[in-house]
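Asker: Here the protein sequences come in this chain order: A and B.
The C-terminal residue of the first sequence carries number 109 in this note's numbering, and the numbering is unbroken.
The C-terminal residue of the second sequence carries number 114 in this note's numbering, and the numbering is unbroken.
Possibly wrong hints are sitting among the right ones.
[Unchecked claim] Quick list of in silico lysine to any residue cross-link-like pairs, SDA-like style, CA-CA up to 20 angstroms:
| id | chain 1 | residue 1 | chain 2 | residue 2 |
| --- | --- | --- | --- | --- |
| 1 | A | Lys-96 | B | Thr-55 |
| 2 | B | Lys-31 | B | Lys-17 |
| 3 | A | Lys-96 | B | Leu-60 |
| 4 | A | Lys-96 | B | Asp-30 |
| 5 | A | Lys-56 | B | Leu-60 |
| 6 | A | Lys-96 | B | Lys-57 |
| 7 | A | Lys-96 | B | Asp-101 |
| 8 | A | Lys-96 | B | Glu-56 |
None of these hints come from the bench; they were simulated from the model.
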Amino acid sequence: SQQGEEDPQALSIQEGENATMNCSYKTSINNLQWYRQNSGRGLVHLILIRSNEREKHSGRLRVTLDTSKKSSSLLITASRAADTASYFCATDGAQKLVFGQGTRLTINP
Amino acid sequence: EADIYQTPRYLVIGTGKKITLECSQTMGHDKMYWYQQDPGMELHLIHYSYGVNSTEKGDLSSESTVSRIRTEHFPLTLESARPSHTSQYLCASSDRQGWTDTQYFGPGTRLTVL
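So that you can see chain A by itself, here it is in the shape it has in the complex:
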């Protein structure tokens, strides 16, 4: 079974609102990464959080990691139409980078 699972599978919000996506995983990890994929394109790395970190920021992105609950969340603040994409978490706990199914985020104008 897959290592990372995102929740929700799809999220639709109004421009300017905040979007929160969650990722749960099963085994211990060294780090967790979040990637974005625009429709029909490859993935773009957004942020990496190490297992000894609890929170990390990058611009409008905020990632948290709770290793006791084996979960992470990605918050995008003040969303924009350009944020419309699929967002994937990726974990390394199984000696390889394993991606979840992703959360499809739609920002409505």
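Given chain A, work out where chain B should sit, using these hints.
Answerer: Showing chain B alone in chain A's frame:
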């Protein structure tokens, strides 16, 4: 934008044809990967390489083969394409040997086998 390129971007071919999907990167990365992704689904690792003359199979069984004769080039070949091979193929690279490092992705090749 990462300096990793894939050609063709779209390919529609008939059953039984031999095809090669090209992937090149100009970042000097040692490690390269091929993933298969169906629409709206997760990525599955099908091949990877630690460097020149190194190729390994990923966790999803694939009838494709790969080669790594040059650091910058990691082509994927299907000897006889079938409709079940219809999917998107993503190439990626990273600059360290570990699995934990950032991967840089190409734009993908969307393959349709009729």
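Asker: Does each hint hold? Answer for all of them.
Answerer: Checked hints:
1. A:Lys-96 with B:Thr-55: Cα-Cα ~15 angstroms, so holds.
2. B:Lys-31 with B:Lys-17: Not satisfied, since the Cα-Cα distance of roughly 29 angstroms exceeds 20 angstroms.
3. A:Lys-96 with B:Leu-60: Holds, at about 12 angstroms.
4. A:Lys-96 with B:Asp-30: This hinted pair holds, its Cα atoms lying about 16 angstroms apart.
5. A:Lys-56 with B:Leu-60: 32 angstroms, violated
6. A:Lys-96 with B:Lys-57: 12 angstroms, holds
7. A:Lys-96 with B:Asp-101: 10 angstroms, holds
8. A:Lys-96 with B:Glu-56: 12 angstroms, holds
The structure fails to meet hints 2, 5 from the earlier list, while all remaining hints are met.
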